Amino acid sequence: MAEEYSQRSGDQGAIRSAPLPPGWDTAVDLDKAPATIPDPAETEVPEALRAQIETIIARYPDRHSAALPALRAAQETHGWCSPQAIEQVAAVMQVTPAYLSSVATFYDMLRTQPTGPRYVYVCTSVSCHLRNAKAVYNAIAQEARDQSLEGVEVREFECLGACDMAPMASIDGRYVGPLDGSDAHELISAIKERRAILPGRGLEDSDYRLPWDPDAATARSAGPEATGGELKRKTQPQEGDPPHPDVSPPGGTVKDRSEEEPEDQ
Amino acid sequence: MSPETRVVLRNIEEPGLHTLDVYERLGGYKSLRKALLEMSQETVLTEIEESGLRGRGGAGFSMGKKASFIPRGTMDKFLCCNADESEPGAFKDRLLMQKNPHLLIEGCIIGSIAAGANKGFIFIRGEYSHQADILEAAVIEAYAKGYLGAEILGSEHSLELVVHRGEGAYICGEESALLDGLEGKRGNPRLKPPFPANQGLYQGPTLINNVETLCNVPLIIEKGAKWFAGLGMDKSTGTKIVSVSGNVQKPGNYEIELGTPVREIVYGLAGGPPAGREIKGFFPGGSSAPVLTPDSLDLPYTFEAMAEAGSMLGSGSIIVIDDSVPIVGVALRLAEFYRHESCGKCVPCREGTNWTVKTLERIDSGEATPMDLEILSQVQLNIIGNCLCVLGDSMAMPIGSMIKHFREEFEEHIEAARAAADRDHVTGLGAGELASAQGAGAA
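Chain order of the listed sequences is A and B.
Per the working numbering, the first sequence starts with residue 1, numbered consecutively.
Per the working numbering, the second sequence starts with residue 1, numbered consecutively.
In isolation and in its complexed conformation, chain A is listed as follows (with noise of 0.2 Å):
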């Protein structure tokens, strides 16, 4: 596992999980004047993004209060929250570069490589992995590679608080669910197309109900025993299969983290 890591980081002798960004280990210039705040006379910034930034100034008491929305804002005009994204909203913000880069490397729905601008976040904590998420992550992703999808991050995402309609993922906020392995292709394919995904399996689609619950006020009132067993798996097939058929081979659990997982904050 070791010469694993240290030939993905080429690095020998690393002990890291991923590799690291390039520069990571490059020396301080200590000669390089101080990045300072931009002059917003000579930093070019789009019209429409500086309305939106200032108008989000002005929702707050502290103007370094705008920073998520800024931020936010920016990384959906450029895609990403590029050196180029960051040097403009501190431009408007009046603040320097450098905060910001601190702010967007925090936060996990910051963009910091230029992997999207679209995105499929697969949750695979704790409730979703109760039932079987990692199988439904591995095929969506897959299934990605096989159809060369661009301009999308697919990844792994942390409880995206919807673990009753577990396994689920969020495609550009729509949150979609429950799912499983077979669902990859058509998820895939609208996403690619364009087209609207998973129809009516959408939380915010208004007929949207959880598998298990469609006469729901019925099913209050009478009780746990009178719908009992047989609602449990009429859409729900993955269910029959136990989410970890044995112990081993024992790395089946997490091991797979795929390379294009970007590095944790």
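By construction, these hints were calculated from the structure, which means they are not laboratory data.
These numbers were taken from a predicted model, which means no experiment stands behind them.
Using N, Cα and C, we set each Cβ at its ideal position, and we do this for glycine too.
One thing to keep in mind: the hints can contain errors.
Simulated DEER-style distance windows between Cβ atoms [to be verified]: (1) B:Asp21 <-> A:Asp39: 46 to 52 Å; (2) A:Ala48 <-> B:Glu367: 52 to 58 Å; (3) B:Ala307 <-> A:Asp172: 40 to 46 Å; (4) B:Gln378 <-> A:Gln113: 36 to 42 Å; (5) B:Gly276 <-> A:Lys192: 35 to 41 Å.
Fit chain B to the given chain A structure using the hints.
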């Protein structure tokens, strides 16, 4: 008796509830009128305090007490609604904000009366973009109708309310990290004291409450503290929306009266584990709560009973683990979550979560010895109580409880994984070589 007691969720199935028209038609904003026009700050505060309403976000601290800590005076005071629901297992606030945003807004306004605040923020996690859109639209409606802004309904109270989106950091659900996120910084928890009630947002006194807590406030004003205190059991008054997930047949949000037996929630409402499986354990209050075994299923679901059983009610999220799932896998997933979400400010948490993951990976890949289990327990003990916030503890406590309750399974897993790794090592020679090696051995 219907096992569910729908109070906060009473109209949740009503189509169009997220619009002001429908919400008002069903009696919405009546509590606000009552609080503003018939009651004073003192009486609102007393009402909330007497209801016994406890925070629904995790800590379970009395909301009335928290609000009463806010100093009086003319300084700027703030109200923050914690809508950064990111705890694995929790999804109740999502439902409330998506279906009934005006209830939350009404709760925020009444909360701001109690705290004397006139600037409010709803910090919603960025992943809930659909819910944030709904909430923003509702805020605009409320401004247009004069429920928000200066001199609400002709009273002296004013409130500006802003929906602030996070960008994906679990730690921002911790109240002081939330304040840093709102101030546009990295979400690092602060040293306490001073508590936010004294020095919070922009150094001003700040009342921070969870979405569900604030959604209870209009009901308390409408029906009275006595009514609310009459629901529930002991010091756990009122109802609770319980998010049930994991290995159950019908995961979902169920609103119950506090004190309902856990078994009734897990089996009665959520349908129990899939057919043919048994419950191995469950998190009674989100992934941060120590795991309990099926022995605890008959306890009443209250803050006190869960604490007495060695766990906590937390955010009221029950995650059920059935007997088909290896506990080591769950522990590893859990530890990975906390490693990823640790902000890195305190060493015990930053390093402890990392080493917990590494040790569990060793256990899972067959590199561990039984001694690693002792090291693992020791690491957890070195995290608990040694950090600025409880994120590290939130990993250490459940992992510690898993080792305590399922030590045998951990030990078996270590042995099985080692045996499997040895087998792989041998088979790594290639089938032909293996056969010949065996042949040589037999001869």
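Verification of the supplied hints:
1. B:Asp21 <-> A:Asp39: 46 to 52 Å: holds (50 Å)
2. A:Ala48 <-> B:Glu367: 52 to 58 Å: Cβ of alanine 48 (chain A) to Cβ of glutamate 367 (chain B): about 54 Å, so the range 52 to 58 Å holds.
3. B:Ala307 <-> A:Asp172: 40 to 46 Å: Hint holds: Cβ distance 41 Å, inside 40 to 46 Å.
4. B:Gln378 <-> A:Gln113: 36 to 42 Å: holds (37 Å)
5. B:Gly276 <-> A:Lys192: 35 to 41 Å: holds (40 Å)
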